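Hey, can you work out the whole structure from these sequences and the hints?
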Amino acid sequence: MYHKLERILPNVRKPARYTGGEYNQIIKNPDETEIRVALCFPDIYDIGMSNLGMRILYGVINKMPGVWCERVFEPWSDMAAALRENNIPLYGLESGDPIKDFDMLGFSVGYELSYPGILNILDLAGIPLKSRDRTGLAPIIFAGGTCMYNPEPLADFIDIAVIGEGEELDLELIELYRRAKRANWSKERFLAEAAGIDGVYVPSLYHVEYNEDKTIKSITPKKPAPPVVKKRIVQELDKSWFPVDTIVPSTEIVHDRTVLELFRGCIRGCRFCQAGYVYRPVRSKSREVLVKQAADALENSGYQELNLASLSTSDYRELGALCDDLLDWCEPRNISLSLPSLRADNFSMELLDRVQRVRKSGLTFAPEAGSQRLRDVINKNVTEEDILSACRTAFAGGYNAVKLYFMIGLPTETDEDILGIVTLAKKVLGVFKESAKNKNRGVRITVSTSCFVPKPMTPFQWEKQDTPEEFERKQQLIKDNLRTRAIHYSWHNPQVSLIEAVLARGDRRTGAVLEAVYKKSGGLQAWDECFSYDAWRSAFEEIGINPSFYAHRERSYDEILPWSVISAGINKEHLIRESKLAKQGKTTPDCRQRCSGCGANSLMKGLSCDG
Amino acid sequence: MGKTRLRFSKTGKAKYISHLDLMRTFQRAFMRAKVGIKHTEGFNPHAYISIILPLALGCESICEVLDVEITDQTPVSLIPERLNPCLPEGIEVVSAFEPIKKPGELKYLRFRSKYMYEDGNTGPNARHIKDKLHDFFRHDTLAVIKKTKRRQSAFDLKPYIKTMDIRAGQGESLTIEAVVSAQNPSVSPALLRMAIDQLEPSLSPSFFEDKRIEIYDSNMNIFK
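Protein sequences appear in the order of chains L and F. Counting along the first sequence from 1, when you hit position 573 you're at 723 in our numbering, and nothing is skipped either side. Counting along the second sequence from 1, when you hit position 169 you're at 170 in our numbering, and nothing is skipped either side.
FYI, nobody ran anything at the bench for these hints, they're computed from the structure. Treat the numbers as computed from the prediction; the structure is a model and nothing was measured. Wrong hints could be hidden among the right ones.
What the hints assert, rightly or not - Covered, in the sense of this in silico footprint (three residues per stretch, anywhere, with C-beta under 8 Å from a C-beta of chain F), are these stretches of chain L:
hint	segment
1	395-403
2	452-458
Stated by the list, open to error - What the simulated footprint calls covered on chain F by chain L, stretch by stretch (three residues with Cβ under 8 Å from a Cβ of chain L suffice, anywhere in the stretch; the number is not a length):
hint	segment
3	10-22
4	94-102
Beta carbons: idealized from backbone N, C-alpha and C, even for Gly.
This is how it looks when you write it as structure tokens:
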């Protein structure tokens, strides 16, 4: 195996991605291993190795006696072609053994455009794509991650979707598999038993019927599948396992640093944000645990940057004190702190001082919308003055680059809101001229707009998306009005966002499109250089699917949505209430000001949300 | 404490780690081993590590050298055993010592290349090629055209090949062992093949493996 690989590795880009052998990888003796698991990420090594979820699951699964979990990433197109040409089946990085002989493949699925990558990995491995064509017990294909709040586009391919956090759920599933393997169960028996585990969704155990107008008529569970599959969560983050001895890649990856997760969930309730809804309730780690985990992880990895990650890091209750504790440890060791994104409304000079103590990084704020009216619609709860004063602080502190993130195509948006983006950017430029410490260095303001994609489990799940033409018109409007050298404008490809919108709210019938697309254009559709709109368009046509039905159609509150059998623990009534408030332009205060009764606290067993 | 030179090998899977990634790997390994090393000053402090003769991706070596400045009390003799458990598969520190020669005094490099000719029955046979390659390297000049982004220039590598030995190996393979100028100018295994590809393409191997064996000063003493 390795001998064959050696012939192709010198001719592919960044071959160190395909060899394994990194510091802290886990090697076990295959003869003493009962179950072989491949933890698969449907994108390249550089991205997948940066994913904290992958690192957590790799660690917890490998802690199971008799279970060896290896990593699999999607190869870049040059390597994929070389593997196919030389008939080398895709292998686990640790052992180099073909994954088609493994017991289970678990996919971590975080974004819709990685769906074709799942099929590409299965194909490269030599595993039949469709669940029904894999008749034996092994390999079982399961998938987890944020996208699994609507797993329907993948329903024909995966055997199981695991809903929610995997730290406990995945282990229960693997233990059940161990029983199945020992007792020689059929695949059907295993899937039926698996459906009894809380948080397990077995697509083949649900029958979907459609109406004349192509909407869903009914979703009927076959025994013993439950009518609703509710997500699983970890109750106490302090006690849940956190990887301090993670693999340190020998080649540079996107997020090449130690990541510390401060808390899960988000108190904010931005109405467009799927993560903000599906990761509820808010559960924090204590300062003491965080400092200990950070020190251990940094010592063990040798990284010189510590990233404080969470959905809204500055909402960590004791962030200032935590930063001080961490800096006491990091500063003498030349280790810098970084924060992923900051909220403009609780940004302070003290915080800025702390993050730039050792190394200075860029600053990013996300106003999301250009006008206060629209920010109220999406419940962003940040004012223009918040943004300007945050920038004032940053410029006065010596920063001369700021990134501003916006979304276009939000519900109720008008051209006035779009022009508000331009106005806000110009005001930020004005603030720089007023308050900058060092004006002659010049300023670089980056305005970036993404295209709104309505997501399941949010108050906007019933909304329609703008057409690509409308997105382009709005982008042009910004370009025409933003003619200042100091402000740089970048935008997302609306065609990509259309595909995301179709898949995010797609049903089972969209699965056929994925199969056609990966055959036409490969798996790496999340990459600009690999994304092919033509491939998607012709696939839609061949299969007879109208993308507008999924992307550009407003749903009624009583329509049966494809993900109706999945529950993130949020009441539908809450989502409808929030949807109606959005239409009235009314905000909802954050969870710390007042509980809005979303229902997520029902997931906490005896503990309180954000306690 | 003070300036320290490490001699290490880079073999197996580690040969696919690029030069830049290798620097990062060592920087982190020192952190993991809790051996303090000198950092650059300024806004973005990073460990000061210098690898004297950068190694091409895909080439193995058992004679790499790296210079660092140790800032704590770690005894030099203990560095290999402290560092080795902290390095990825295929990188092993063999010894650590106080540098004797300056980096510029590294003059010669011995490497071994395995050339494979696997074109099946139609291809030339290794013994036959061995003689031809032998003749090829006996030419008075071996001018290679080196192309950079901006210009191309001819470079005669012949004067910088000190010794060369070609042996027939197992099956359809040959082993070439050469001592060449290590720097100013540097002659690499790849440059030798470039000469073959340009001047006598019929002798180009279908696959190859390169390995650095030893480094020397101008008197052919092992560089330390």
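(message) How does the segment 10-22 of chain F fare against chain L when you require at least three residues with a CB closer than 8 Å, holds or violated?
(response) Since three or more residues must qualify, the claim that chain L covers the segment 10-22 of chain F holds, with 8 doing so at under 8 Å.
(message) Count the residues of the segment 395-403 of chain L whose Cβ falls closer than 8 Å to any Cβ of chain F, and tell me whether that reaches three.
(response) Coverage by chain F holds for the segment 395-403 of chain L (4 residues, Cβ < 8 Å).
(request) Take the segment 452-458 of chain L, compare each residue's beta carbon with every beta carbon of chain F, and decide whether three or more fall closer than 8 Å. (result) holds (count 3)
(request) Check, residue by residue, whether the segment 94-102 of chain F contains three or more positions whose beta-carbon lies closer than 8 Å to a beta-carbon of chain L, and give the verdict. (result) It is violated, with 0 qualifying residues against the three required.
The structure fails hint 4 only (numbered hints given earlier).
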